[in-house]
Amino acid sequence: MALSIVKPSLNTIPSISIKPAVSSRRFGQYKPTSSVPITFAISATASSETFALPIMVNSCTGKMGKSVIKAADSAGLDVLPISFGSQEEAGQTVQVGDKDIKVYGPAERETVLASAFHDYPNLVVVDYTVPATVNANVELYSKVGVPFVIGTTGGDRDLLNKTVLDANNYAVISPQMGKQVVAFIAAMEIMAEQFPGAFSGYKLEVMESHQAGKLDTSGTAKAVISCFQKLGVPFNEDQIQMIRDPKYQCDMVGVPEEYLAGHAFHMYHLTSPDDTVSFEFQHNVCGRSIYAEGTVDAVLFLAKKVQEKADKRIYNMIDVLREVEATSTGREWHCNLGSRVRLEGLVAGQIVDIASESKNVSLSELEYIHVHKTARLVEAGGACGVIYGWRTSDDKENRKIWERL
24 MALSIVKPSL
34 NTIPSISIKP
44 AVSSRRFGQY
54 KPTSSVPITF
64 AISATASSET
74 FALPIMVNSC
84 TGKMGKSVIK
94 AADSAGLDVL
104 PISFGSQEEA
114 GQTVQVGDKD
124 IKVYGPAERE
134 TVLASAFHDY
144 PNLVVVDYTV
154 PATVNANVEL
164 YSKVGVPFVI
174 GTTGGDRDLL
184 NKTVLDANNY
194 AVISPQMGKQ
204 VVAFIAAMEI
214 MAEQFPGAFS
224 GYKLEVMESH
234 QAGKLDTSGT
244 AKAVISCFQK
254 LGVPFNEDQI
264 QMIRDPKYQC
274 DMVGVPEEYL
284 AGHAFHMYHL
294 TSPDDTVSFE
304 FQHNVCGRSI
314 YAEGTVDAVL
324 FLAKKVQEKA
334 DKRIYNMIDV
344 LREVEATSTG
354 REWHCNLGSR
364 VRLEGLVAGQ
374 IVDIASESKN
384 VSLSELEYIH
394 VHKTARLVEA
404 GGACGVIYGW
414 RTSDDKENRK
424 IWERL
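When you line the sequence shown up against the working numbering, it's residues 24 to 428, in that order.
Keep in mind the hints are simulated off the structure, nothing from the lab.
Misleading hints may appear alongside valid ones.
Using 20 angstroms as the maximum straight-line C-alpha spacing, the simulated EDC-like pairs for lysine to aspartate or glutamate come out as follows [said to hold, decoys possible]:
| # | residue 1 | residue 2 |
| --- | --- | --- |
| 1 | K226 | E162 |
| 2 | K270 | E260 |
| 3 | K125 | D142 |
| 4 | K328 | D101 |
| 5 | K335 | D142 |
| 6 | K93 | D121 |
The structure displayed is predicted, hence computed values, not measured ones.
Put together the whole structure using the sequences plus the hints.
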């Protein structure tokens, strides 16, 4: 490739055009009129080795398990062809997408898991089973030492946390894996913390509708109710109106018929003591993709924490959300750095500078060189500082200082 430079007039900005040469080599040489050579990269495609993280999904026979397997496969994770199931399901082979997954019953669980963890030491288990088995499953994962992500609701949650900590295991534990719903709950928690008692005296009605196969009360509803209680609203979990009748869900709740087998509709209605003021919070989810995608993010997050040998052992989806935000900000600053050094940035200023050697340049040309070379060098240095500061600082205020550079 060859570069040709159009010299600017007093009121124009120099433009750089790229013309393909006969050679298709990745790197080329450009010699300006001053005969001082500069080397530049015509293209720099970053290559990275693809790393397929192994995961095991329990249970693959359930709708949520199948959704996670499909999402994990799409994300490039290595889904192992094994899964836990009930005694009745043991020995079955379940096809999910193009994968054939064998189901193992309770008697084989420990042997199968220990063998898988031996063969795949960076294995992460995903658990979407049933409330009755959640504590026994966590005991097994912790005994073997396998990190796990659990979206199953129910069970003894205090005992679940204690089991993980006693075994010094790693886990993401959350009754809600949908990142956007988690963000809503986080906002409710902030409101409850900053304005306790703000809704004192108000009456609360809660309705939650899920597919008929969901046996327990929504963990999301319980979390939101806890926030309302801190806001001064008296309410017990047994007052929640659980809707599981498909006909009622269609006719009264408004669930589309095609999503009766997989949905999560929540409504929280507040009324003032004199019935003159009302507030309503509602979030409706059709399908399971929001949870499956969030679960995959949680798996990647947990694998990173294990690799880093993080001190903290138990995480929730708020932690996952914060990590995703940090990663996005890091990518943004890497892009900022790239924009400062490529052809329209530092490279352009350098080329014009070299081409202008031993010549009388106009004020606009000099300004162009300073803006696109000198200033870009300073900005690139600042961007490097931001990237380094963001990656190494856990202090939020320190990160904000870096961002203001």
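Evaluation of the provided hints:
A C-alpha spacing of about 40 angstroms is found between K226 and E162, which places the hinted pair above 20 angstroms, so the restraint is violated. Among the hinted pairs, K270 with E260 is inconsistent with the structure: their alpha-carbon atoms are about 24 angstroms apart, more than 20 angstroms. For the proposed pair K125 and D142, the alpha carbon gap of about 17 angstroms is at most 20 angstroms, so the pair holds. Proximity of K328 to D101 is assessed by CA-CA distance (about 19 angstroms); at most 20 angstroms being required, the pair is judged to hold.
Only pairs whose Cα atoms come within 20 angstroms are accepted, and K335 paired with D142 is rejected, the gap being roughly 26 angstroms. Between K93 and D121, the direct Cα distance comes to roughly 9 angstroms. Compliance with the 20 angstroms bound is thereby established for this hinted pair.
Hint violations for this structure: numbers 1, 2 and 5, all remaining hints satisfied.
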